[in-house]
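Novice: Based on the sequences and whatever the hints tell you, model everything.
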Amino acid sequence: MRQDHLITATQLSRPDIEAVLDRAREIDGSREAFEQRYSGSVLALCFFEPSTRTKMSFETAAKRLGAETIDMGSIESSSVKKGESLADTVRVIEGYADALVLRHPSEGSAKMASEFVDVPVINAGDGAGQHPSQTLLDLHTIRERHGLDDLTIGIMGDLKYGRTVHSLASALTNFDATQHFISPESLRLPRSVRFDLHESGAQVREHTELDAVLPELDVLYVTRIQRERFPDENEYHQIAGEYRIDADTLSAADPDLTVMHPLPRVDEIAADVDETSHARYFEQAHNGVPVRMALLDMLLGGDAA
Amino acid sequence: MRQDHLITATQLSRPDIEAVLDRAREIDGSREAFEQRYSGSVLALCFFEPSTRTKMSFETAAKRLGAETIDMGSIESSSVKKGESLADTVRVIEGYADALVLRHPSEGSAKMASEFVDVPVINAGDGAGQHPSQTLLDLHTIRERHGLDDLTIGIMGDLKYGRTVHSLASALTNFDATQHFISPESLRLPRSVRFDLHESGAQVREHTELDAVLPELDVLYVTRIQRERFPDENEYHQIAGEYRIDADTLSAADPDLTVMHPLPRVDEIAADVDETSHARYFEQAHNGVPVRMALLDMLLGGDAA
Amino acid sequence: MRQDHLITATQLSRPDIEAVLDRAREIDGSREAFEQRYSGSVLALCFFEPSTRTKMSFETAAKRLGAETIDMGSIESSSVKKGESLADTVRVIEGYADALVLRHPSEGSAKMASEFVDVPVINAGDGAGQHPSQTLLDLHTIRERHGLDDLTIGIMGDLKYGRTVHSLASALTNFDATQHFISPESLRLPRSVRFDLHESGAQVREHTELDAVLPELDVLYVTRIQRERFPDENEYHQIAGEYRIDADTLSAADPDLTVMHPLPRVDEIAADVDETSHARYFEQAHNGVPVRMALLDMLLGGDAA
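Chains as they are written, first to last, in my numbering: chain A, 8 to 312; chain B, 8 to 312; chain C, 8 to 312.
Wrong hints could be hidden among the right ones.
It does not matter which identical chain is meant; a pair holds if it fits inside one copy or across any two.
What the hints assert, rightly or not - Under the rule of at most 30 Å between Cα atoms (straight-line distance), these lysine-lysine pairs were calculated in the DSSO-like manner:
(1) 118 <-> 167
(2) 89 <-> 118
(3) 89 <-> 167
For the record, the hints were derived by calculation from the structure and aren't laboratory data.
Predicted model only: the values in this text are computed from it and were never measured.
Specialist: In structure tokens form, the structure reads like this:
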């Protein structure tokens, strides 16, 4: 990568993405070769919002490279409570660590932080903004199963608020993917995202039902519809039920269909899908480790792709 | 051990127990030989309930073997809050780690988790269920002082709710121990536990007072009587006071008597006992490290005893 | 150091201080030489009060020396909640670790803890008491810029409640520093601290305004005036405003003036000071790492200075 920080997925060109994913593939093939590569390095985990899997997977990635991690701890126990600014917090922590992973509720916070420090900053989610390492692990999962060319993908669920979805859709415009968006009318892809996709020449279709488009798909990416988006409990249950899949739903799919989900899931994918060959969401979560190892390797090692 | 997981103390045969304790003894004798043995391995600490000493001692055990740990963090900050099932959580985490240590408030949760993952699961407490590594460190402490044969042990305090006690009593039936249970009537050993002990041929006696039996004991294992078991504050204080020991109480004991306690203690053992040669509860807590190192060594190393 | 524990700054003689700071300088010059020095050692972090930077910087220091850390976690999730005494907690933890770092809300707690354990205890703040490693990193920062001899220092802000300030002022009496204390009347240095400084022959002046003394200073050490010290919100804002500095304030200062602050800051130092050459508070925070590495090296290595 030609960047010192990883702030957005949109900063990544096709060669950037391929460089990271090639490195992740290399790591997957020979983990032992990377085991002590960053012995003596320290990665700071600065999570201003709770996170289980993102934090644990960065922690694992660092440790599998021989690096150590230090953890800012919860916001409740931090100096943020005493009124410290984010700029001050990261300027102190850069003195302890060789790179920073930052999750923060405010959009733009990772970009701002990166302007105050000299060590690499990795955005692990900034509010409704970006979460680029999630996008890279999604792409890695797709690529290892189907490649990224001539792909037909369906993205279903809450397309309005899901940053994961926006980021993935945008990254896929680097490849010649056909993207189908399946959601209730009230949770459609925001106009601005649709506009950007069209601008970049993406082949995009929108649907309110999965049925018609399912047989064409290589990948079905399911996201959670959140209760709190609906003022009415009944409306929520009705709509969530319509965008829920089970093994029966998938009988109409291509045998090679890959089902993905950023997790945690609640009800969107029935447990009986887990036993089908379509289920790749745990593999997808596990891919967080080699992909984040690759990212750390490129940022700490100072590679230029 | 012939198991891939450590779920209950009852799964352990006498040779299993002796294999772990032999390994713990070996580790105690030559810590340096084990220092880098699991360099590059990662142990996941999944504590769905608070714990200080169990978690710290597993963490220490892993690190003394050269392994790394990753921590799920508190439940409040985890994806469990978002409604994720335990089965999903452990299936994600198995992709990060080489083994899982699980504490969870629901009895049977560790067994259930072990059915969903391919890496070893160690039960570090499942509600009112089992806590087998505690039992093993208790046995190690007894064995290093007295051996496990021809042992006379007194177990005192809350015998009704204490999983530590049930588990230890059950494990001791593998050896020819005489077990005296000392408690108020209302906190007697549950009928089912008494039944199982009798079934396995254990020599068991019950008492409401310590005095008569104290001189015979090799080991006195004290547990905490919890305030919340009593509707009435006065009744609690009266009963707790009767099952409290101090240096004076122990003047009637054998000079070689070992006093144990799973800790934390509140008031059950007076501070003046700490300075007597009977006090072994801190040593007992410290034994968590070599015993858990032995367990990890056997599960990660894939030993068959 | 001739001590096994680090409890107070006042326990440190001039040669003690210089030995630590020399070691810190050596570490700063050749970090790689120290990288694996304590591989296999374990440092326990026992924070009974929240802390971000102190904890992270001890954690970093340990890991930069190749040592591991184990964390007691938050008090809410610890056995302290079950009524365990501090003496019991530290006696358990000493079985896991080679040294303990302790922060606790009660003055005198670190001293007490050190009497119960055989491993070195480092006081990382005991209520209104001491925080000696903060003092050492303050001294290191001053020494690397100005030396510690013939120093003229101004200490400004809340001089009544700030343990950082009392500890630094006391340590500076080992050197021939001139100390100017600048504060509102209501937040003057406590009488007992003034008395001790006079007793040890320190050159001390008190002021209510910075202006007159600013041009003479080599170092200006600013501390936060806390809202909760004032019953009246308006009075707080008025007073805090008078002891706030910005780039304009510093135009009257010596070009070599060093501005320090223990951080976190809220408003006491305007952001425009950050870009001046006077600002050394981030450097000061970063110095926590080499100074704490030096401390750990001397306590774990068993040096006698």
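Novice: Now look at each hint and say whether the structure bears it out.
Specialist: Outcome of the hint check:
1. Proximity of residue 118 and residue 167 under a CA criterion of 30 Å is satisfied intra-copy only: 23 Å inside one chain copy versus 40 Å between copies.
2. Both within a single protomer and between protomers do residue 89 and residue 118 lie at most 30 Å apart by alpha-carbon distance, with minima of 23 Å and 28 Å respectively.
3. Proximity of residue 89 to residue 167 under the C-alpha cut-off of 30 Å is restricted to the inter-copy arrangement: shortest distance 19 Å between copies versus 35 Å within a copy.
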